[in-house]
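Chemist: Here's the letter readout for the chains.
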Amino acid sequence: MINETTFQVQLLPYAYKKYGFWILILGLPIVAAIVYLFKSTGMITDSRSFFDEWNDTLVYYPIIIGMALLVFSKEKQEDEMVQNLRYKAFVSGVFFLVIALLLLPVFSSMVALLEGNRIEMPDVGGMLGALFMLLFYTYLSFKYNLHRTRRALETDEE
Amino acid sequence: MKNNIKVERAKKDLTQEQLAETLGVTRQTINAIEKNKYLPSTLLALKMSALFGVTVNELFILEEGD
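Protein chains in written order, with full-length UniProt numbering: chain A, 1 to 158; chain B, 1 to 66.
Hints should not be assumed to be uniformly reliable.
[Claimed, not checked] Simulated DEER-style distance windows between Cβ atoms:
1. A:Pro105 - B:Glu17: 49 to 55 Å
2. B:Lys6 - A:Leu128: 48 to 54 Å
3. A:Arg151 - B:Thr22: 22 to 28 Å
4. A:Met110 - B:Leu39: 40 to 46 Å
5. B:Leu43 - A:Ser40: 57 to 63 Å
6. A:Met110 - B:Leu43: 48 to 54 Å
7. B:Lys6 - A:Ile30: 50 to 56 Å
8. A:Arg151 - B:Val56: 17 to 23 Å
9. A:Asn145 - B:Thr15: 22 to 28 Å
10. A:Phe38 - B:Leu39: 51 to 57 Å
11. B:Gly65 - A:Asn145: 21 to 27 Å
12. A:Val111 - B:Lys47: 54 to 60 Å
13. B:Val56 - A:Ile25: 45 to 51 Å
[Unchecked claim] Quick list of in silico lysine-lysine cross-link-like pairs, DSS-like style, CA-CA up to 30 Å:
14. B:Lys11 - A:Lys143
15. A:Lys74 - B:Lys6
16. B:Lys35 - A:Lys74
Derived from the structure by calculation, the hints contain no laboratory data.
Here a beta-carbon is modelled for each residue, glycine too, at the ideal position from N, C-alpha and C.
Excised from the complex, chain A in its bound form (with noise of 0.2 Å):
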């Protein structure tokens, strides 16, 4: 019934981590000279939206589709263990961002009324900077965890 109802995601092979870190390291500055490109033909007026608004959708592009790739590709040896690691990651990782989004307005008001200013709701980054932080995070905590888990158990060998 588990089976019927529940959408199976596929994890994507162990060759696609490599494809999301080049998309990671290359993706900016190719972004960043498609920008130049447009403004030098005219399409775009004012590249301060590019270099100035980390929000900017076509910074986190690159960024989120690279992530993604990380988080979704499979471990060079992946099995049960491995998959119960991943699992408790995104758990944790979509608890930290309810949190994290859920803090993050009272915690920039507190420092507004702090330092004496009006209180005005925080930018936090929209979908794209939520969807970051919790592939950011999922994906360091899981690496984290399994490389914790692989050294405790290669000293543990018999």
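Once you've looked at the hints, dock chain B against the given chain A.
Modeler: Frame of chain A; chain B shown alone:
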């Protein structure tokens, strides 16, 4: 929960690596199960049970508080 995997593995004269290869998991996973740091899925427990020729209840023993 405790388990007798190490004992059963020794009876069959298998290394962790050999057992892992037979079951299609990593050696670290076998090590983690033997040390009660990871609880295997039902499928893996049944595969172990079939391989060692014992019941799952003989492989994995519930303790008080489980």
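Chemist: Quick check on a hinted range of 45 to 51 Å for Val56 of chain B and Ile25 of chain A, using CB atoms only.
Modeler: 48 Å, holds
Chemist: Could you check the hint for me, namely that Met110 of chain A and Leu39 of chain B are 40 to 46 Å apart, CB to CB?
Modeler: Since Met110 of chain A and Leu39 of chain B have Cβ atoms about 43 Å apart, the given range 40 to 46 Å holds.
Chemist: Has the hinted range 22 to 28 Å been met by the Cβ atoms of Arg151 of chain A and Thr22 of chain B?
Modeler: 25 Å, holds
Chemist: Does Lys143 of chain A lie within 30 Å of Lys11 of chain B when you go C-alpha to C-alpha?
Modeler: 35 Å, violated
Chemist: Is 48 to 54 Å a correct range for the gap between the Cβ atoms of Lys6 of chain B and Leu128 of chain A?
Modeler: Given range 48 to 54 Å: holds, Cβ gap about 49 Å.
Chemist: Measuring from beta carbon to beta carbon, are Val111 of chain A and Lys47 of chain B in 54 to 60 Å?
Modeler: 56 Å, holds
Chemist: Given the range 22 to 28 Å, decide if the beta-carbon distance of Asn145 of chain A to Thr15 of chain B lies inside it.
Modeler: 26 Å, holds
Chemist: Cβ-Cβ distance between Arg151 of chain A and Val56 of chain B: within 17 to 23 Å?
Modeler: For Arg151 of chain A and Val56 of chain B the Cβ distance comes to about 30 Å; the hint is violated.
Chemist: When you take the CB atoms of Pro105 of chain A and Glu17 of chain B, is the distance between them in 49 to 55 Å?
Modeler: For Glu17 of chain B against Pro105 of chain A, whose Cβ atoms are near 52 Å apart, the range 49 to 55 Å holds.
Chemist: Do the beta carbons of Leu43 of chain B and Ser40 of chain A sit within 57 to 63 Å of each other?
Modeler: The hinted range 57 to 63 Å holds for Leu43 of chain B and Ser40 of chain A, with Cβ atoms some 59 Å apart.
Chemist: Cβ-Cβ distance between Lys6 of chain B and Ile30 of chain A: within 50 to 56 Å?
Modeler: At 53 Å between Cβs, range holds.
Chemist: Is 21 to 27 Å a correct range for the gap between the Cβ atoms of Gly65 of chain B and Asn145 of chain A?
Modeler: 25 Å, holds
In the structure shown, a violation is registered for the earlier hints numbered 8 and 14, in ascending order.
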